[in-house]
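Student: One-letter residues, chain by chain:
Protein chains: 4
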Amino acid sequence: MAGNTFGQLFTVTTFGESHGPALGCIIDGCPPGLALSEQDIQTDLDRRKPGTSRHVTQRREADEVEILSGVFEGKTTGTPIALLIRNTDQRSKDYGNIARSFRPGHADYTYWHKYGTRDYRGGGRSSARETAARVAAGAVAKKWLKQQFRTEITAYVTQIGTQEIRFEGYEYIGQNPFFAANYSQIAELESYMDSIRKSLDSVGAGLRVEARGVPVGLGEPVFDRLDADIAHAMMSINAVKGVEIGAGFGSIAQRGSEHGDELTPEGFLSNHAGGVLGGISTGQDILVNIAVKPTSSIATPRRSIDIDGQPVELATHGRHDPCVGLRAAPIAEAMLALVLMDHALRHRAQNADVRVDTPDIARR
Amino acid sequence: MAGNTFGQLFTVTTFGESHGPALGCIIDGCPPGLALSEQDIQTDLDRRKPGTSRHVTQRREADEVEILSGVFEGKTTGTPIALLIRNTDQRSKDYGNIARSFRPGHADYTYWHKYGTRDYRGGGRSSARETAARVAAGAVAKKWLKQQFRTEITAYVTQIGTQEIRFEGYEYIGQNPFFAANYSQIAELESYMDSIRKSLDSVGAGLRVEARGVPVGLGEPVFDRLDADIAHAMMSINAVKGVEIGAGFGSIAQRGSEHGDELTPEGFLSNHAGGVLGGISTGQDILVNIAVKPTSSIATPRRSIDIDGQPVELATHGRHDPCVGLRAAPIAEAMLALVLMDHALRHRAQNADVRVDTPDIARR
Amino acid sequence: MAGNTFGQLFTVTTFGESHGPALGCIIDGCPPGLALSEQDIQTDLDRRKPGTSRHVTQRREADEVEILSGVFEGKTTGTPIALLIRNTDQRSKDYGNIARSFRPGHADYTYWHKYGTRDYRGGGRSSARETAARVAAGAVAKKWLKQQFRTEITAYVTQIGTQEIRFEGYEYIGQNPFFAANYSQIAELESYMDSIRKSLDSVGAGLRVEARGVPVGLGEPVFDRLDADIAHAMMSINAVKGVEIGAGFGSIAQRGSEHGDELTPEGFLSNHAGGVLGGISTGQDILVNIAVKPTSSIATPRRSIDIDGQPVELATHGRHDPCVGLRAAPIAEAMLALVLMDHALRHRAQNADVRVDTPDIARR
Amino acid sequence: MAGNTFGQLFTVTTFGESHGPALGCIIDGCPPGLALSEQDIQTDLDRRKPGTSRHVTQRREADEVEILSGVFEGKTTGTPIALLIRNTDQRSKDYGNIARSFRPGHADYTYWHKYGTRDYRGGGRSSARETAARVAAGAVAKKWLKQQFRTEITAYVTQIGTQEIRFEGYEYIGQNPFFAANYSQIAELESYMDSIRKSLDSVGAGLRVEARGVPVGLGEPVFDRLDADIAHAMMSINAVKGVEIGAGFGSIAQRGSEHGDELTPEGFLSNHAGGVLGGISTGQDILVNIAVKPTSSIATPRRSIDIDGQPVELATHGRHDPCVGLRAAPIAEAMLALVLMDHALRHRAQNADVRVDTPDIARR
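Residue numbers (UniProt numbering), protein chains in the order written: chain A, 1 to 364; chain B, 1 to 364; chain C, 1 to 364; chain D, 1 to 364.
In case anyone wonders, no lab produced these hints; they're calculated from the structure.
Every residue gets a Cβ at the ideal spot worked out from N, C-alpha and C, and that includes glycine.
Don't take each hint at face value.
Which bits of chain D does chain B cover? Going by a derived footprint, with three or more residues having C-beta under 8 Å, they are [said to hold, decoys possible]:
#, region
1, 9-17
2, 61-70
3, 74-84
4, 257-267
Pulled a few chain B residues facing chain A out of the computed Cβ check, cut under 7 Å [unchecked claim]:
#, residue
5, PHE6
6, LEU34
7, LEU36
8, GLY161
9, GLY246
10, GLU262
11, GLY278
So that you can see chain A by itself, here it is in the shape it has in the complex (with noise of 0.2 Å):
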């Protein structure tokens, strides 16, 4: 397969670039019966736009969503779902400068030497915009698991460069413009981020991203382990340099009488593991964090090579994000849902007459 197709069973195919006229994709392999509108995938779609606070990108586009097929009469028919989402706000300016250097940071001196071309306007198909494709596709995932399994998943930044945020509660992520779950630093974060921007520069982010309500048995060993395929999905999105599962790079340092959680009658005594063994779903809640780089784009000049190999001083200026792990979260929810929905199908394929004295996926 070429690369833009996620998934086995539930497989999205994304298209679209920064400054095309739109961007989408197909949804193939969803089952029949859930019940789906444009306001459903439009509330995630909501939650990703740019130009919402003053510290994202002031792109403006609206994002609105087109269901082109697989729907009727409210339903999904089993057959492919199009999602359509046209560019609005593909502002023409000169590229000259951009279309024949390389940014430091981006994509460019690859996408260059890959394909022997690119589009330069606004980074083409490496723009972080592709994203919106992700967000609509996984709200349908999130919407067929939540009905079938209850499951709920959740991202929130938990870092944003040096400053630590403390968890205290759930209901704060959609209350500020971090997805923090906190209210007691947003103050605090409000001047480190103005501060961040008006040096001209950016910085990484740190993310949390739980599932809760994940049955028990998915995940397809060896290859194709529940754990394998959410750090494919999470470091596929633009910008993540890293992955963990449960106790992640603490559990280097851990005894194993400390990282094995034990069990009892009523459950699991703790989640070192991060909700997968063995590269199989344990029902317990899925722990996964991500980093995420500052945002390359940055008014500070700096040194780069144009594709004759000469030397350039590159500033990038227009409407970036100062720390593009803000608006990380509602994508790799997605991603995650996309992950589950998909490893969710394959299981029922294998394994649909099942039956054990535990609690699992035939019963939930």
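Using the hints, position chains B, C and D against chain A.
Tutor: Structure of chains B, C and D alone, referenced to chain A:
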């Protein structure tokens, strides 16, 4: 696809259980004309082999590989290469207790719930013994990559439990039982590991995986980015709980002006990206860190339940690695080789005729 | 994979229903640098378009294609190419009867039982209208093949109902409403088709599909043989019930001394193989025959049942092709183009460096 | 994927050459809990085995299968099932002439041009010996289908060369060396085959492949239709040149009023569709016809060229089937079983919860 195939064009499908008659794999998609003998594969198998020091499991396996197909007159023919490794040291013993209970930190619980049955002998399919097949397949990929691009892949242990290991030189990696690029701390590590073993416990490990001589242009955005496929590959290894590319989690606290690698006509000035930009290789070294959790099989008694949900206390006696991460280096190398080779073929499919005026895959 | 993606490296994922807002596809894996405009695609779409003569359905569709992504400054970029065709003539009408009954010979019965629901408007996803997306994608493959290898793909109708059509020249194919390589029988065919239509019935058709200028070496045995993938492609077209390669069913009665094509230094002396030996192209013309069943929608009343299992009598009035095979030529060409292009990329992945002393893909 | 894997969820990856040490396969995706022993597989292997009458090749192969993994305590575990068949009768001989020449009708020419090398011993990978692995895998699928749905799959020879064979009863198929559902023509067929063999020539064969007890709803339109995947499967068998579903090529001359199968509350009144409508199974019998070309290896001298392009005359002596189609019945059954099982799992993935008020997969 069921979950035991890795790769898209250079595919590896593995089989085999810890205590079954054999394990092995089929490699499909290897280009014709590669000189290949059993010895090419045996060398890496011997590096992974158990029983080579007192710090690893004392199970004695010859791990001798037989090429069953796909090689004619010493060269690959382009047809599937089947590799077979017979198990020779599957001690028969009474599994009574383990057969009906779920060892903490192990896949027992999840295999049972997923499949409704499991081969409990030595962990069955979930045993790290399965990775012998990966190492065998990886040896083929390594040889091809070296021949085509002079690519060199190296992994070494950077931390054991709480002990960080200084990098002192690649030449030391093969000279100690810890796959450490170090000579001055070895005695210290020996006593540390002895103390872990004596305390009937285990520890985790951190590893560094690197590739040098990687062509520019490998990776298929937006989902099958090179870094995403590396994350998938690494997290698919038993016990791995975290993956970083380049600066990894450290990039959260970095500024954009620090993280984004500047370019000059002589090349990149730094490598925070870890050799991947926009999901495509830059031609710089690929830099990966992984975290391996402590071995779950320990002789310290732990609480669990049996298949009827009744509480039990379990201690795992027998032949186990006190730090399973110690043998992960050849496995991680193999997985990185599989990713790179698969992507080299994928790139070639789409871009065989691309020629640009800078060093790229076409020129190597 | 869910079933709406065709190909492995040059993948086409289609969407859309007969009476939904739009249909289209995403092409993923098209090499960069191919000059491509909407007009390149429109030409083939117009050949397939309904309403062009009295012998085909009178539905009026502009079938105008829009390229949404993957093309920049007139050339493909190597990123996904999304193609959109809006439906414009989905007449609203009362589907009451059809909505609850299963038309004989149609997919109504099977879609209902498979999905538990169906879009009954004009056949929904099972309508041959879906093939517009295939023709659009096929036009891209045709262009690339022509540019790379001078490959030419041609299909024509060889039989309509009981009327066999003599081959009189490729130049006549576009000059009659039957896609016949013939000029002397056209008047006769016109009256034959008029009589079929007046009798409120329909007939089947036979087609020949040919490719000239095919490189040696395409096909990936043992399962993804070129002929096997051609059979898959052809049988995936609505209403196709049979596929032959080369001598086809005629080869049953042949002797080996007749069937096996002899070779001389000047080339093959015959082509009973149809251009494929051992599942790999020989470089000779690819020769395929397909059988298309008679249109199932006829105005003659027929017995059936409704979704409650009660007997009904159904006659399908409205706009239908009296011989659906008449419009199959551009579709069959498109499917053959998709197969050949996909296999050209697959071959290139594995064998880019193969050089042998006879004409092969590497030299064209 | 490279080309040696068949299926999406129930995948079979085969390996092995005619004169290599062994052949076999890995089955991945078999549901757990299926009782399975070597004897289940051996029965079908013995039906395909060479040397059972004077009308087939006299090569003596035990074709004894060993299960290497995936079965524990007599039942499948859901992990990969590896099957191994050692070659025992690879006579060493001088291949001098064949090694450098291309036998007419054989894959010699195309393998050489595709791979730049080939294993010329007995045809290497292109030998029909490879189908032993398919038959072994098919036996597993057959057993599962029978247990789940009471599906029965049967193939028989309907024509040998110019001799059409009357259907007289399924019970006769195993009672003659021709896989003929006939007893009255056997003597005649014996002398016909003797005459072919004495004339140093070969003939083609026609086969019928049928499945009874197929659930409604199998098939994934628009590309992975059940009939399309059957066509792919059949055409992937060595020497097959044509595939028909239901009325096949006969449907060209049919009227719509004849072809479209009418429905009553008691069921379908005919089966011109061959058990598939819109690419999805109807629950009727699946009816398939295939054409097998005459064996290319004949003792009559024929013109060809060598690898230097020089003219040669070749006659193939040795152990060859005078009608390779005679042994195709178990192979065709195996391939149909693989398709049906794969689609049963695919259907189950997407539609496990579909319940409608008519007989469907959920009720069987």
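Student: Honestly, which of those hints from before does the structure not fit?
Tutor: Checked against the structure, the hints that fail are numbers 4, 6, 7, while the rest are satisfied.
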